[in-house]
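There are 2 protein chains.
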Amino acid sequence: MTAGSQGPCPLLLGLLLCALGPALTQGGKLLVVPIDGSHWLSLAGTVQQLRHRGHDVVVLAPDASMYIKEGAFYTLKRYPVPFRREDLEVAFINLGRSVFESDPFLQRVVKIYKKIKDDSALLFSGCSHLLHNKELMSSLAEGSFDAVLTDPFLPCGPIVAQYLAVPAVFFLNGLPCSLDFQGTQCPNPPSYVPRPMSFNSDRMTFLQRVKNILIALSESFLCSMVYSPYAPLASEVLQKDVTLQDIMSYASIWLLRSDFVNNYPRPIMPNTVFIGGINCASKKPLSQEFEAYVNASGEHGIVVFSLGSMVSEIPEQKATEIADALGKIPQTVLWRYTGTPPPNLAKNTKLVKWLPQNDLLGHPKTRAFITHSGSHGVYEGICNGVPMVMMPLFGDQMDNAKRMETRGAGVTLNILEMSSEDLEKALKTVISDKSYKENIMRLSSLHKDRPMEPLDLAVFWVEFVMRHKGAPHLRPAAHDLTWYQYYSLDVIGFLLAVVLTVVFITFKGCAFAFRKCFRKKERVKKSHKSKAH
Amino acid sequence: MTAGSQGPCPLLLGLLLCALGPALTQGGKLLVVPIDGSHWLSLAGTVQQLRHRGHDVVVLAPDASMYIKEGAFYTLKRYPVPFRREDLEVAFINLGRSVFESDPFLQRVVKIYKKIKDDSALLFSGCSHLLHNKELMSSLAEGSFDAVLTDPFLPCGPIVAQYLAVPAVFFLNGLPCSLDFQGTQCPNPPSYVPRPMSFNSDRMTFLQRVKNILIALSESFLCSMVYSPYAPLASEVLQKDVTLQDIMSYASIWLLRSDFVNNYPRPIMPNTVFIGGINCASKKPLSQEFEAYVNASGEHGIVVFSLGSMVSEIPEQKATEIADALGKIPQTVLWRYTGTPPPNLAKNTKLVKWLPQNDLLGHPKTRAFITHSGSHGVYEGICNGVPMVMMPLFGDQMDNAKRMETRGAGVTLNILEMSSEDLEKALKTVISDKSYKENIMRLSSLHKDRPMEPLDLAVFWVEFVMRHKGAPHLRPAAHDLTWYQYYSLDVIGFLLAVVLTVVFITFKGCAFAFRKCFRKKERVKKSHKSKAH
Numbered sequence: 001m002t003a004g005s006q007g008p009c010p011l012l013l014g015l016l017l018c019a020l021g022p023a024l025t026q027g028g029k030l031l032v033v034p035i036d037g038s039h040w041l042s043l044a045g046t047v048q049q050l051r052h053r054g055h056d057v058v059v060l061a062p063d064a065s066m067y068i069k070e071g072a073f074y075t076l077k078r079y080p081v082p083f084r085r086e087d088l089e090v091a092f093i094n095l096g097r098s099v100f101e102s103d104p105f106l107q108r109v110v111k112i113y114k115k116i117k118d119d120s121a122l123l124f125s126g127c128s129h130l131l132h133n134k135e136l137m138s139s140l141a142e143g144s145f146d147a148v149l150t151d152p153f154l155p156c157g158p159i160v161a162q163y164l165a166v167p168a169v170f171f172l173n174g175l176p177c178s179l180d181f182q183g184t185q186c187p188n189p190p191s192y193v194p195r196p197m198s199f200n201s202d203r204m205t206f207l208q209r210v211k212n213i214l215i216a217l218s219e220s221f222l223c224s225m226v227y228s229p230y231a232p233l234a235s236e237v238l239q240k241d242v243t244l245q246d247i248m249s250y251a252s253i254w255l256l257r258s259d260f261v262n263n264y265p266r267p268i269m270p271n272t273v274f275i276g277g278i279n280c281a282s283k284k285p286l287s288q289e290f291e292a293y294v295n296a297s298g299e300h301g302i303v304v305f306s307l308g309s310m311v312s313e314i315p316e317q318k319a320t321e322i323a324d325a326l327g328k329i330p331q332t333v334l335w336r337y338t339g340t341p342p343p344n345l346a347k348n349t350k351l352v353k354w355l356p357q358n359d360l361l362g363h364p365k366t367r368a369f370i371t372h373s374g375s376h377g378v379y380e381g382i383c384n385g386v387p388m389v390m391m392p393l394f395g396d397q398m399d400n401a402k403r404m405e406t407r408g409a410g411v412t413l414n415i416l417e418m419s420s421e422d423l424e425k426a427l428k429t430v431i432s433d434k435s436y437k438e439n440i441m442r443l444s445s446l447h448k449d450r451p452m453e454p455l456d457l458a459v460f461w462v463e464f465v466m467r468h469k470g471a472p473h474l475r476p477a478a479h480d481l482t483w484y485q486y487y488s489l490d491v492i493g494f495l496l497a498v499v500l501t502v503v504f505i506t507f508k509g510c511a512f513a514f515r516k517c518f519r520k521k522e523r524v525k526k527s528h529k530s531k532a533h
Numbered sequence: 001m002t003a004g005s006q007g008p009c010p011l012l013l014g015l016l017l018c019a020l021g022p023a024l025t026q027g028g029k030l031l032v033v034p035i036d037g038s039h040w041l042s043l044a045g046t047v048q049q050l051r052h053r054g055h056d057v058v059v060l061a062p063d064a065s066m067y068i069k070e071g072a073f074y075t076l077k078r079y080p081v082p083f084r085r086e087d088l089e090v091a092f093i094n095l096g097r098s099v100f101e102s103d104p105f106l107q108r109v110v111k112i113y114k115k116i117k118d119d120s121a122l123l124f125s126g127c128s129h130l131l132h133n134k135e136l137m138s139s140l141a142e143g144s145f146d147a148v149l150t151d152p153f154l155p156c157g158p159i160v161a162q163y164l165a166v167p168a169v170f171f172l173n174g175l176p177c178s179l180d181f182q183g184t185q186c187p188n189p190p191s192y193v194p195r196p197m198s199f200n201s202d203r204m205t206f207l208q209r210v211k212n213i214l215i216a217l218s219e220s221f222l223c224s225m226v227y228s229p230y231a232p233l234a235s236e237v238l239q240k241d242v243t244l245q246d247i248m249s250y251a252s253i254w255l256l257r258s259d260f261v262n263n264y265p266r267p268i269m270p271n272t273v274f275i276g277g278i279n280c281a282s283k284k285p286l287s288q289e290f291e292a293y294v295n296a297s298g299e300h301g302i303v304v305f306s307l308g309s310m311v312s313e314i315p316e317q318k319a320t321e322i323a324d325a326l327g328k329i330p331q332t333v334l335w336r337y338t339g340t341p342p343p344n345l346a347k348n349t350k351l352v353k354w355l356p357q358n359d360l361l362g363h364p365k366t367r368a369f370i371t372h373s374g375s376h377g378v379y380e381g382i383c384n385g386v387p388m389v390m391m392p393l394f395g396d397q398m399d400n401a402k403r404m405e406t407r408g409a410g411v412t413l414n415i416l417e418m419s420s421e422d423l424e425k426a427l428k429t430v431i432s433d434k435s436y437k438e439n440i441m442r443l444s445s446l447h448k449d450r451p452m453e454p455l456d457l458a459v460f461w462v463e464f465v466m467r468h469k470g471a472p473h474l475r476p477a478a479h480d481l482t483w484y485q486y487y488s489l490d491v492i493g494f495l496l497a498v499v500l501t502v503v504f505i506t507f508k509g510c511a512f513a514f515r516k517c518f519r520k521k522e523r524v525k526k527s528h529k530s531k532a533h
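Read top to bottom, the protein sequences are chains X and G. The numbers in the UniProt record's numbering rise by one with no breaks, and the one at position 77 of the first sequence is 77. The numbers in the UniProt record's numbering rise by one with no breaks, and the one at position 347 of the second sequence is 347.
If you're looking for bench data, these hints aren't it; they were derived computationally from the structure. Any given hint could be a false lead.
The list makes no distinction among identical chains, and a pair is therefore deemed to hold if it is satisfied within one copy or across any two copies.
[Claimed, not checked] Cross-link-like lysine-lysine pairs, in silico, DSS-like; alpha carbons within 25 Å at most:
no. : residue 1 : residue 2
1   : K428      : K328
2   : K469      : K448
3   : K469      : K437
4   : K448      : K29
5   : K469      : K434
6   : K353      : K437
7   : K437      : K284
8   : K318      : K115
9   : K516      : K448
10  : K117      : K283
11  : K469      : K117
12  : K365      : K448
13  : K283      : K353
14  : K134      : K29
Use the sequences and the hints to build the structure in full.
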């Protein structure tokens with residue numbers, strides 16, 4: 001397979017193939033193992049582009065999927081799992097609802113712990129069913145895939161790739177508990193690389209650094225709840241002992257939906273490719289419905305409001321408070337909301353079941369973006385240069401919001417504690433205080449000024465792995481060291497032993513010589529004395 | 001300056017400018033502070049391309065330069081220095097000669113030490129003259145440059161950039177003593193990142209790791225000879241206390257003439273851009289003279305032989321030995337050699353004063369490349385897929401040769417110790433053993449399979465720095481930490497103190513409680529006893 005080069009087309013027979021484009025005649029076979037939810041929505045654009053380049057794409061998904069459906073640009077291979085689509089939907093809805101529950105702190109922690117445990121067990125059971133599905137796994141092994149493209153947020157795809165002995169490309173926003181750093185063997189100094197959920201920036205006070213280290217120390221414990229069952233499962237399927245780090249280290253290339261306009265600069269490894277903002281490129285014109293809303297907004301323009309694909313309704317009291325604030329700004333607000341309309345909804349606020357977020361944010365009349373600051377939303381805000389009012393709900397959203405706030409591109413609100421006035425004030429601030437627009441425009445211009453578009457970069461590296469059967473020249477030798485070898489502890493121990501031995505021998509030698517001399521003198525003195533007597 | 005965008009051309013006046021191309025109307029001002037010798041030959045192509053893109057380029061060079069001459073594509077600004085061009089030439093020639101001197105080891109070390117000290121002092125005097133040239137420095141300050149493009153191998157350019165308060169782009173192959181790692185704040189684990197001159201690969205035995213750490217520990221001492229005078233000079237000129245690391249940390253972007261086909265994978269930083277092989281792209285057809293040599297070579301093809309721009313003649317006895325070996329292979333050998341022709345020169349060996357190395361290596365009839373394995377030569381060998389016989393002379397050449405040998409793409413010889421038979425055998429091996437050709441072709445295909453050409457990448461990032469007045473978003477916060485903060489030693493100390501205090505208080509508390517209980521019982525016993533009496 002040489003997808004990169006273009007040869008001359010042979011006559012007649014070749015004409016038809018030439019008309020279809022060179023990629024089709026040179027395509028490879030790609031297996032995609034995605035994760036449901038917003039993770040799949042991130043990946044789909046790249047999968048589509050790879051299909052467009054002429055590759056044969058098979059997407060592997062459980063019977064019970066929410067977003068992964070039959071698609072024109074791939075072959076969907078389903079596998080049975082011991083749960084239904086409804087179970088997943090309930091889990092997702094409950095996750096959204098849990099944010100708004102105002103239980104006491106300890107009770108809340110216990111509830112979150114239980115929910116994560118239950119959801120993880122549900123998803124793990126799906127993975128286990130896939131890997132134990134001998135018929136399906138054999139048919140995949142016969143598929144002669146050139147590469148596996150997968151999201152390692154749950155490490156099922158990486159295990160499939162390793163089982164098939166096919167090189168893997170990981171596509172992700174990041175992993176909890178620094179698993180991505182472990183998987184790439186990337187140094188991660190806690191002195192300036194803020195840990196997820198720490199709310200630290202890259203410039204920390206002493207106490208923030210203490211917090212950062214404490215979080216770093218507790219990470220492996222925190223993540224074991226979700227990730228610990230995968231190593232035994234992988235060991236069983238692969239018939240050799242593997243750790244979670246072994247599973248995560250399997251990738252040839254890591255496509256990271258991140259960049260250094262949004263994230264803080266930190267060490268990286270040669271097989272990590274930054275494709276932050278990959279989902280921002282595909283812009284379409286607005287439909288008549290939304291065009292009409294925007295046109296009718298007059299000089300004040302519009303505000304786009306969405307809490308992401310997972311939270312489309314919120315408790316009535318909170319919705320009423322929010323509606324109250326929205327009614328007090330002169331802009332037209334387009335609010336993605338599927339719950340019962342709040343009774344106090346003002347005329348300027350339009351509720352919609354779905355909105356073309358990126359297309360709306362790209363409209364010059366958009367003045368602000370109310371968002372839960374998921375990674376997609378934040379990149380769309382940056383890409384289109386729209387100041388944000390951020391209401392982070394869970395996961396990495398708090399950190400995303402913190403970064404945008406640090407850079408003066410938005411205001412963060414606590415959705416549970418904020419009042420109607422807080423929201424009104426935040427909206428008026430980001431719209432009327434010119435610094436917010438200037439800062440987000442500066443970020444936007446930096447973000448978009450790149451040597452290559454992220455989608456092209458992602459496609460290039462997937463094809464690279466397909467062409468070369470991996471990318472072993474980018475894999476650091478650190479993967480083959482034990483932890484004490486990596487930190488040179490054995491060498492340091494050896495050198496210390498050498499130094500101490502030399503010091504000891506020197507000391508003993510001197511002491512011996514000293515005693516010799518001293519005794520001689522003593523004896524001489526004594527003999528002098530005895531002679532004198 | 002908006003070099004990235006293209007506006008419509010205004011009528012009449014604009015027509016001429018439009019005809020010259022959009023880049024010319026949007027160009028910025030770039031100051032180039034190069035280093036003479038092969039370093040300038042690396043940089044010149046990028047400078048030319050930047051001029052072609054419409055930027056106004058001023059090259060700053062000492063009166064006494066060997067390679068930096070008036071050029072069509074830049075304005076040359078000369079400054080007086082306290083040495084002549086002849087002094088430089090003698091220093092270069094002596095460097096070449098010193099390789100072939102067969103003194104006893106200790107005498108050799110003393111000679112090398114003295115030579116490095118003298119040459120460094122010569123070059124430092126040039127830098128000092130530049131920075132103390134008030135008239136020139138004022139005129140540069142008035143030049144309103146958008147960026148400084150410089151080679152930091154000697155840190156004069158970085159000091160000029162910092163004096164002018166203009167963002168800098170560093171262009172280099174690498175720096176001795178891990179100065180590039182210090183300058184970028186890049187982690188550099190000695191357990192798998194081989195130190196220069198260690199002859200280690202990235203996979204080391206225990207003893208090789210011991211050697212690597214010992215070299216790492218001695219690096220700052222080894223380099224102080226060359227680099228120590230620059231920090232006081234910079235402090236005086238900039239009127240603030242700066243260290244060598246401060247000077248090296250000034251770059252917005254580091255353009256590194258390196259890649260991971262040639263170099264071993266290791267941590268990198270976001271503001272480092274890899275442009276290895278940048279000098280390989282510009283290929284021209286062979287002149288009549290060389291075309292004739294190649295055509296006359298018949299089925300056996302040719303061997304290209306050059307020891308680089310700095311060594312064009314070698315001692316007669318060595319030349320005779322080499323000529324003897326060259327005469328015993330069926331290929332035609334094109335040897336760049338300016339010394340007296342060896343008396344035993346065979347018919348198949350053509351001596352030339354200069355040869356178009358890259359163009360010859362690119363010819364399909366070229367079978368092998370005898371090289372000193374300088375970084376240019378090695379990349380040209382990789383790029384054109386030609387197996388190498390390497391005779392490293394000094395500097396990074398030993399490491400370059402080691403890497404190619406490890407990858408089975410060439411054979412290394414010790415030019416001092418090798419016999420005529422060794423060279424003959426090495427040449428026949430790399431030409432007839434197919435594995436060498438296969439390995440270099442594999443490296444070549446990996447090297448050339450990249451999302452963007454290195455020259456375009458270099459130009460993009462220079463222009464990026466010009467457009468955005470630097471790249472602060474790529475600068476890690478590590479630059480603002482002290483060394484003990486970077487390694488979190490203060491936090492670890494604090495946490496240890498807390499743990500020890502808690503342990504101490506707990507222990508003391510228990511001891512106190514134990515004593516209390518014990519004494520009470522003792523007293524109770526005693527009182528019982530006294531009552532019993």
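How the hints compare with the structure:
In this assembly of identical chains, K428 and K328 lie within 25 Å of each other by CA distance solely inside one copy; the values are 9 Å within and 85 Å between copies. Taking CA atoms no more than 25 Å apart as the test, K469 paired with K448 passes between copies only; the shortest distance there is 16 Å, against 31 Å inside one copy. Taking the shortest alpha-carbon separations for K469 and K437, only the inter-copy value of 20 Å comes in at or below 25 Å, while the best intra-copy value is 46 Å. Within a single copy, K448 and K29 get their C-alpha atoms only as close as 32 Å, which misses the 25 Å cut-off; across copies the closest is 23 Å, which meets it.
Within a single copy, K469 and K434 get their C-alpha atoms only as close as 51 Å, which misses the 25 Å cut-off; across copies the closest is 22 Å, which meets it. Proximity of K353 to K437 under the C-alpha cut-off of 25 Å is found in neither arrangement, the shortest distances being 28 Å within a copy and 62 Å between copies. When the C-alpha separation of K437 and K284 is checked against a cutoff of 25 Å, the pair qualifies only within one copy, where the shortest distance is 24 Å, while the shortest distance between copies is 50 Å. With identical chains, the CA atoms of K318 and K115 are at most 25 Å apart within one copy only, with a shortest distance of 23 Å there and 78 Å across copies.
Proximity of K516 to K448 under the C-alpha cut-off of 25 Å is found in neither arrangement, the shortest distances being 80 Å within a copy and 72 Å between copies. In the homo-oligomer, the alpha carbons of K117 and K283 never lie at most 25 Å apart, since the shortest distance is 38 Å inside one protomer and 61 Å across protomers. For the homomeric pair K469 and K117, neither the shortest alpha-carbon distance inside one copy (37 Å) nor that between copies (49 Å) is at most 25 Å. In this assembly of identical chains, K365 and K448 lie within 25 Å of each other by CA distance solely inside one copy; the values are 20 Å within and 45 Å between copies.
For the homomeric pair K283 and K353, the shortest alpha-carbon distance inside one copy (20 Å) is at most 25 Å, but the shortest distance between copies (59 Å) is not. Taking identical chains as interchangeable, the C-alpha atoms of K134 and K29 lie at most 25 Å apart only when both belong to the same chain, with a minimum of 21 Å there against 65 Å between chains.
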